[in-house]
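Q: These are the residues of each chain, in order.
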Amino acid sequence: MGEPVLLEFEVKPLDFLAAGEAAEHVKETLKTLGLSSDICRRAAVVAYEAEMNLVIHGGGGRMVLRVEEDRIAIIAVDKGPGIPDLSLAMQEGYSTAPDYIREMGFGAGMGLSNIKRNSDEFEIDTEIGKGTKLVSVIYIK
Amino acid sequence: MRISEVFRSLDLEIHVEGDLGKALSGGVVGDLLSFVMKVAGEGSVWITVQNHVNVAAVAVLKEIPFVLLASGRVPSPELVDRCRQEGITLATSALDAYPLCGKLYELGLKD
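Chains as they are written, first to last, in the numbering used here: chain Y, 1 to 141; chain X, 1001 to 1111.
Just chain Y, with the same shape it has in the complex (with noise of 0.2 Å):
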């Protein structure tokens, strides 16, 4: 592989008509390259979750795929409320999500353990009022 592939996607607040678009193109694009299934399921799982808190938490945002000669990342970006508490978002069943969401099956609070578990590398930057900033990175074998 030469120059990294970059793509960029802007994902709209509560657009459930729309959410799980990016990720779809993030496993297409990452399939069309060669990489191997594993990578490509991997790779899914971050791009949905990081997607579903734009569109869910984050009042939307950007979300970009990366992918270099030994690893892809995934970073989403959002002017959001920011995560008042990062440890305690980061545990699986902890949700901040209203009623109506969860009832789509959404707001499980699983989506960032789920990324942290697929990622070889994970980062969150967060500041209340401001925003927050997700990278996750997956070596490639």
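List time: in silico DSS-like cross-link candidates among lysine-lysine, alpha-carbon distance up to 25 Å: (1) Y:K116 x Y:K12; (2) X:K1110 x X:K1038; (3) Y:K31 x Y:K116; (4) X:K1110 x X:K1022; (5) Y:K133 x Y:K12; (6) Y:K141 x X:K1038; (7) X:K1022 x X:K1038; (8) Y:K79 x Y:K12; (9) Y:K12 x Y:K130; (10) Y:K116 x Y:K141; (11) X:K1022 x Y:K31; (12) X:K1038 x Y:K133; (13) X:K1038 x Y:K116; (14) Y:K116 x Y:K79; (15) X:K1038 x Y:K31.
Here are some of the chain Y residues that sit facing chain X, going by a computed Cβ distance under 10 Å: (16) A19; (17) K27; (18) V45.
Calculated directly from the structure, the hints in this document are not laboratory data. Every residue, glycine too, gets a C-beta built ideally from N, C-alpha and C.
Chain X: place on chain Y using the hints.
A: Positioned in the frame of chain Y, the structure of chain X alone reads:
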């Protein structure tokens, strides 16, 4: 077991016919989308009562070829459209998830 065998053995209402010759690797049951993202295996049948369009996104990402709605749930028109676009088989059973899973288990789908 192929999807077509499930249709032959159970009383299902079919909404979208994908590749009925596709072999199922196992099953997953759940209504929390992130839970299914976590545990579903590729090639599974997914039993759920969620009937909205985001079910299709999860199915595509997890390579789930067959979504089976339990308890007589009617899919939203958007879900039907997306399943059609993506070639995902979509059907409804009048049974609740527990007896429905039991039937699938009896048919030999045990993973």
